[in-house]
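Taken in sequence, the protein lines are chains A and B.
Start counting the first sequence at 1; every next residue gets the next number (the numbering used here).
Start counting the second sequence at 1; every next residue gets the next number (the numbering used here).
Some hints could be false.
If chains are identical, the list can't say which one is meant, so a pair holds when it fits in one copy or spans any two.
Said to hold, decoys possible - Mimicking DSBU-like on lysine-lysine, the simulated pairs with C-alpha atoms at most 35 Å apart in a straight line are:
id, residue 1, residue 2
1, K63, K28
2, K132, K104
3, K88, K63
4, K63, K152
5, K140, K104
6, K132, K28
7, K91, K63
8, K118, K104
9, K104, K91
10, K88, K104
11, K118, K152
12, K118, K91
13, K34, K63
14, K152, K132
15, K34, K132
Since the hints were derived computationally from the structure, they do not count as laboratory data.
Number of protein chains: 2
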Amino acid sequence: MENPMKKSLLAAGLAVTLVSGSALAQMKPEVMVKQRQAAMTLQGKYFGPMAGMAQGRIPYDAKIVQRNAGFLDNLSRMPWDGFADSTKDVKSAALPTIWSESAKFAEAADRMQSEASKLYAVSRSGDEAAVKAQIGAVGKACGGCHESFRQKQ
Amino acid sequence: MENPMKKSLLAAGLAVTLVSGSALAQMKPEVMVKQRQAAMTLQGKYFGPMAGMAQGRIPYDAKIVQRNAGFLDNLSRMPWDGFADSTKDVKSAALPTIWSESAKFAEAADRMQSEASKLYAVSRSGDEAAVKAQIGAVGKACGGCHESFRQKQ
């Protein structure tokens with residue numbers, strides 16, 4: 001049976017294509033959960049201040065935005081191979097919909113990466129209004145995925 | 001009084017220079033520890049397979065190395081602002097030497113970033129022997145810092 005998540009991740013040229021099957025099989029599910037949570041934690045670290053700037057709570061600083069957007073562009077590609085089937089039963093905030101609606105989840109993951117990548121590009125342009133709008137788009141990608149695939153916090 | 005760690009981090013053009021003082025002051029120490037640990041976890045995720053390849057335990061794959069080295073180059077810049085003075089008393093594997101020998105710690109942190117950056121550059125050259133040697137240099141930078149500044153695991 002075709003795995004739509006795998007297909008979509010392959011289409012996006014993602015991490016999972018670069019990890020050999022045997023390496024994934026050897027990986028403990030608990031370690032994979034810890035690693036994907038680490039990627040979420042760091043996305044929060046670097047997105048948080050940008051969200052604050054877009055909302056006017058923190059003074060806008062183009063240098064911080066460029067640095068954070070570059071980090072986020074990288075980090076946005078790191079969580080997804082951690083949602084392997086083998087991790088289904090590990091306690092976490094991940095909802096079963098990740099695996100039961102895997103195509104939709106993969107689409108949400110792709111969107112996050114795409115918006116983060118756009119933000120990095122826009123952050124280098126120096127156009128503050130465009131940067132703030134794109135920070136909003138990234139926030140929407142985070143929130144959209146959390147809404148459907150993460151337990152309410 | 002001059003803070004040698006801050007000076008060195010500034011010299012290296014690091015993260016800490018880009019976080020406003022007020023933002024750092026507002027950050028809970030427990031959150032900072034969680035974020036720096038997340039960066040260590042992900043450095044392990046992406047360095048591990050490269051170490052395996054350098055040691056011949058995993059077949060060499062230039063594409064994985066390039067991707068992982070790019071991620072590691074970014075990740076190697078993420079932990080350090082998490083070692084703020086305010087985190088001294090939070091339970092973790094961090095040794096008090098981080099703060100009592102802060103110049104030496106900053107030097108070890110700089111070395112890690114420098115070696116990771118070199119690895120990313122070398123990984124794009126395609127010279128397998130040079131890449132493997134540089135993976136070794138990165139491993140030495142990780143280990144050297146852990147030896148002096150992390151509780152024995």
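Hints the structure violates: just list their numbers, smallest first. none
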